[in-house]
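Number of protein chains: 2
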Amino acid sequence: MVRAEIITIGDEILYGQILDTNTQWISFELDKLGIKTIRKSSIGDSEDEITSILHEAKSRADVVFITGGLGPTKDDLTKKVLADFFQCSLEINEDALNDVTEFFLKRGRELTDINRGQSFLPTKAQFIPNKQGTAPCMWFDEFGVIWVSMPGVPYEMKAIMENEVIPKLVSHFKTPIIYHKVIKTIGIGESYLSDLIQDWELSLPTHIKLAYLPSLGIVKLRLTAFGEDIEKLKLEVENQIDALRPLINSYIFGYNKDEISEVVGQLLLNNKATISLAESCTGGHLSHQFTQVPGCSEYFMGGAISYSNEIKKNILKVSESILHIDGAVSESCVSAMAKSVREKFKTTYGIATSGIAGPDGGTNEKPLGTVWIALASEGELITRKLQLGGNRLQNIHMTSLNSLNLIRRYLLKDL
Amino acid sequence: MVRAEIITIGDEILYGQILDTNTQWISFELDKLGIKTIRKSSIGDSEDEITSILHEAKSRADVVFITGGLGPTKDDLTKKVLADFFQCSLEINEDALNDVTEFFLKRGRELTDINRGQSFLPTKAQFIPNKQGTAPCMWFDEFGVIWVSMPGVPYEMKAIMENEVIPKLVSHFKTPIIYHKVIKTIGIGESYLSDLIQDWELSLPTHIKLAYLPSLGIVKLRLTAFGEDIEKLKLEVENQIDALRPLINSYIFGYNKDEISEVVGQLLLNNKATISLAESCTGGHLSHQFTQVPGCSEYFMGGAISYSNEIKKNILKVSESILHIDGAVSESCVSAMAKSVREKFKTTYGIATSGIAGPDGGTNEKPLGTVWIALASEGELITRKLQLGGNRLQNIHMTSLNSLNLIRRYLLKDL
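In the order they appear, the protein sequences are chains A and B.
The opening residue of the first sequence carries number 548 in the working numbering; numbering runs sequentially from there.
The opening residue of the second sequence carries number 548 in the working numbering; numbering runs sequentially from there.
Among the hints, a few may not be true.
As the list claims (entries may be wrong) - DEER-style ranges, computed between Cβ atoms:
1. Leu624/B <-> Glu775/A: 25 to 31 Å
2. Lys605/A <-> Thr670/B: 35 to 41 Å
3. Leu624/B <-> Asn710/A: 37 to 43 Å
4. Glu775/A <-> Phe773/B: 44 to 50 Å
5. Thr670/B <-> Ile565/A: 38 to 44 Å
6. Gln673/A <-> Asp631/B: 56 to 62 Å
7. Pro841/A <-> Asn861/B: 34 to 40 Å
8. Asp642/A <-> Ser750/B: 57 to 63 Å
I should point out that these hints are in silico values taken from the structure, not numbers from a laboratory.
Even for Gly, the Cβ is constructed at its ideal location relative to N, Cα and C.
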C-alpha cells in the first residue's frame with residue numbers, strides 16, 4: 548500500500564481565514580488511485596515548521612504532497628526550505644524561466660523581477676509545468692520518497708494534478724486496488740441502523756470495511772474493499788449490498804453522489820408526475836430543495852408559502868373553523884393546505900407543512916418541534932406528525948427531509 | 548502566546564469523502580481569543596495513528612482539540628485510545644449517562660445499549676455536556692496540556708465550543724486582552740472595498756489589525772485590537788469605525804453577528820411594514836432567508852413560488868403577452884409578479900425574482916446568470932437587472948442577497 552501525506556503551508560489556512568479544500572480534493576483523487584492518505588497537516592509560513600514536518604513525513608510516507616507557500620510574495624520560503632532539506636542549491640531552471648516568460652508574453656504583460664525569481668528552483672527538482680499560473684510545480688525523488696510541491700491556488704493545483712502529477716504517480720508506483728461504495732439512508736438514526744445491520748456487519752470479510760457517516764437526518768454507510776482485482780472487489784461489494792438491502796431497504800434512498808432531492812425528482816419524472824407545495828413552517832426551504840436540482844421545472848410547478856393565517860385562508864382556502872378550532876399546526880390544516888395547493892396548481896401531488904420550528908411558540912399541547920406534514924394525491928391523503936428536537940434551522944431542515952422521504956416512499960409504494 | 552493543535556480523526560475525512568469544516572471554524576474562534584494555532588492534522592480511525600499523534604502534540608502544544616471518532620458505532624475508538632494514553636480506565640460517567648438518558652426520554656425513544664455505551668468515559672476525563680447529541684465531550688488536564696475531545700458533527704461541536712469550551716479556555720489560560728469587531732458589507736467586491744478604504748487602512752495604529760473575510764456576496768472587515776484595557780480598546784475601535792463609516796456607509800449592513808435577513812426584518816418591523824415574495828429563479832431560497840429568522844411572522848406574510856409559466860399566469864396573473872413577448876426573465880414579468888403578489892397577499896411590499904440560474908437555459912440574448920428582480924410598493928416599482936457568473940446554487944444565493952439588499956436600501960432611503 549502506497550502511503551501519502553498531504554501538507555498545506557500558509558498562515559491564512561492555519562488561522563482559519565480561508566477554508567482548505569485542496570486537501571480533500573487531493574485525498575479523494577489519491578483514493579481513486581489506490582494510494583492511501585495516512586495524514587493531512589496544515590502549518591504556517593515558518594521555516595522551522597516546514598523543515599520539521601518534512602523530516603516527520605520522510606519517515607512515514609512514500610509520497611508527500613505539499614501545497615501552498617509558492618506565491619511570488621512568499622519570499623520563496625518553501626523553495627529555500629526544500630533546497631536545504633534536499634541539500635542542494637537554488638538555481639534558475641531554464642524550463643521554468645521559459646514558461647513564466649511565455650505566461651507574461653501571452654498576456655501582453657512585462658515579466659517582473661519577482662516573477663522571474665519564481666524560476667529559481669532547487670537543483671534536485673524535476674520541473675513540472677503550471678499552465679494556469681506562474682508558481683512552478685516540483686517533483687523530487689529523494690530519500691526513497693516522492694515529494695510533489697504545488698501552488699495552493701485550487702484551479703492551478705487541480706490542473707497540475709490531473710494533467711501532470713497523476714500520470715507520473717500511476718507510472719511510478721505499483722498501487723493496490725481500493726473500491727468504495729456509499730449507501731445513503733434517510734429516516735433512521737445511526738444507532739438504530741447499527742442495530743438492524745449488526746449481524747451483517749459482523750459477517751463482513753476482513754478486506755471489506757464499513758464506516759458510518761452521519762449528518763442531520765441522513766446516515767451514509769461506506770463500504771471500502773481492498774484487493775488485487777477491481778472487478779472482483781466491485782462484485783464482492785455489490786454482493787454485500789445485496790445482502791444488506793433487505794435489512795434496511797426502506798431507508799436506502801441512493802448510492803454514492805445521489806442526493807435525496809434528485810432522487811425524488813427522478814421518481815416524479817419516472818412517474819410523469821408533477822408536484823406543488825404549501826409551506827408554512829419550512830417557509831421556502833422545501834421548495835429550495837426541489838429547485839436546486841437542475842431541470843426541476845419538468846416536475847416542480849411551484850408553491851405557496853402560507854406563513855400567515857391570512858394567507859392560509861385567502862390563498863389556500865383553509866377554513867376559518869379549522870384555524871380557529873384545530874389551529875394552524877394540525878392535521879386538518881395541513882390536509883386542507885395540501886389538497887388546496889394541489890388543486891390550485893393543478894399538479895399530481897401536493898405537499899403541505901405546518902409546525903412550530905421555534906425558538907418560541909410551543910405550548911403544553913403542542914410543544915416546540917411539533918410538525919404536521921400532508922401529502923395529497925388524487926383521492927388520497929396521507930399525514931404524518933413529527934416531534935422534532937432541534938433548533939429552528941434544524942427543525943426546518945428535518946421537516947423538509949421528512950417531506951421528501953414521505954413522497955419518495957409514497958412513489959415507491961413503500962409506506 | 549498559547550499554542551493550539553487541532554486533530555481531526557476519521558477515515559471519511561482522510562479519504563476525502565467529506566470536507567472538514569470544523570478545523571477552520573475552531574482555528575478562527577481560537578484566533579479571536581488570541582490563541583495561536585500552530586498545526587492542524589487529520590488522521591484515520593487507527594489506534595496507532597491516534598496514539599502517535601497524541602504523543603507528538605504533547606511536546607508541541609498547550610491545548611489540543613480533537614474532533615471526531617466519538618459516534619455510537621463500532622468504528623469509534625478514540626475513547627479507548629484516550630484512556631490508554633492518560634493511563635486510566637473507561638467507566639460509566641453518571642453525568643454522561645443522565646444526559647444521554649434524558650436525550651432519548653425527551654424524544655420519546657428508548658435508550659439502546661449502544662447509546663448507553665456512550666457514557667463510558669476515561670476516568671480522568673472531565674465530562675462536558677453535549678445538548679445537541681449523544682456523543683460526550685471530554686476535557687483533560689494532563690502532562691501540562693489541556694486536551695479537549697469533541698464529537699465531529701459540526702453543529703454539536705460548535706454548540707459545545709461556544710457554550711462550554713471557550714468559557715473554560717478563557718478562565719484556564721491567561722489569554723491576552725483582545726477586542727474584535729466585525730463590519731459586514733454587501734454589494735461591493737473585496738478589491739473595490741480595499742480601494743475605497745485604503746487611506747483609512749494605512750492610518751490604523753499598529754495595535755489594531757484589519758482582516759478581509761470575503762464570502763459569496765458579502766465581505767466582512769474584522770478589526771482586532773490588542774492592549775491592556777478592554778474599555779479603552781472598545782473606544783478606539785469604535786472611533787476607527789466612525790472614521791470608516793462615511794467611506795462605505797451604503798455597503799455596511801451590520802456588525803458582528805448581524806445577518807442580512809435579520810437586518811431587513813428589523814427594518815420592516817421599524818417601518819411597521821409587511822412583505823410578500825413571488826419567486827421564480829430563487830425557488831424558495833429567498834423565502835427561506837426571511838423565515839429562518841425567529842419572529843418573522845410579524846412582517847413576512849408568505850409568497851408564491853411561481854416556477855412554471857402556468858403558475859405565473861394563473862396565480863400571479865402575469866399576462867400571456869408578457870410571457871410570450873418579453874419572456875419570463877424580463878423586467879415586465881418581474882414587475883407584474885411583484886405587483887401581483889403584493890396585492891394578492893395584501894402586504895406593504897412585494898418582491899419578485901426571475902432569472903436563468905443554470906446550468907442550462909442561457910441564450911445569446913439572455914445568457915446564463917441573467918436575473919431580474921423587482922420591488923413593488925404603493926405606487927412605486929423598482930427593478931434591477933443582474934448579470935451573475937456563478938454556478939446554479941451561487942446564482943440563486945446571489946439573487947437572494949441582491950433582493951435583500953434592494954429592500955434594505957429602499958427602506959433606508961439609500962437607493
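How the hints compare with the structure:
1. Distance hint check: the CB atoms of Leu624/B and Glu775/A are about 28 Å apart, consistent with the given range 25 to 31 Å.
2. Under the hint 35 to 41 Å, the C-beta atoms of Lys605/A and Thr670/B, about 38 Å apart, fit the expected range.
3. In this structure the supplied range 37 to 43 Å holds for Leu624/B paired with Asn710/A, their Cβ-Cβ distance being about 40 Å.
4. At roughly 59 Å, the beta carbons of Glu775/A and Phe773/B sit outside the given window of 44 to 50 Å.
5. For the pair Thr670/B and Ile565/A, the beta carbons lie near 40 Å from each other, so the given range of 38 to 44 Å is met.
6. Between Gln673/A and Asp631/B the CB atoms are about 43 Å apart, so this pair departs from the stated range of 56 to 62 Å.
7. The hint said 34 to 40 Å for the Cβ distance between Pro841/A and Asn861/B, and at roughly 25 Å that hint is violated.
8. Look at Asp642/A against Ser750/B: about 45 Å separates their beta carbons, and that is not inside 57 to 63 Å.
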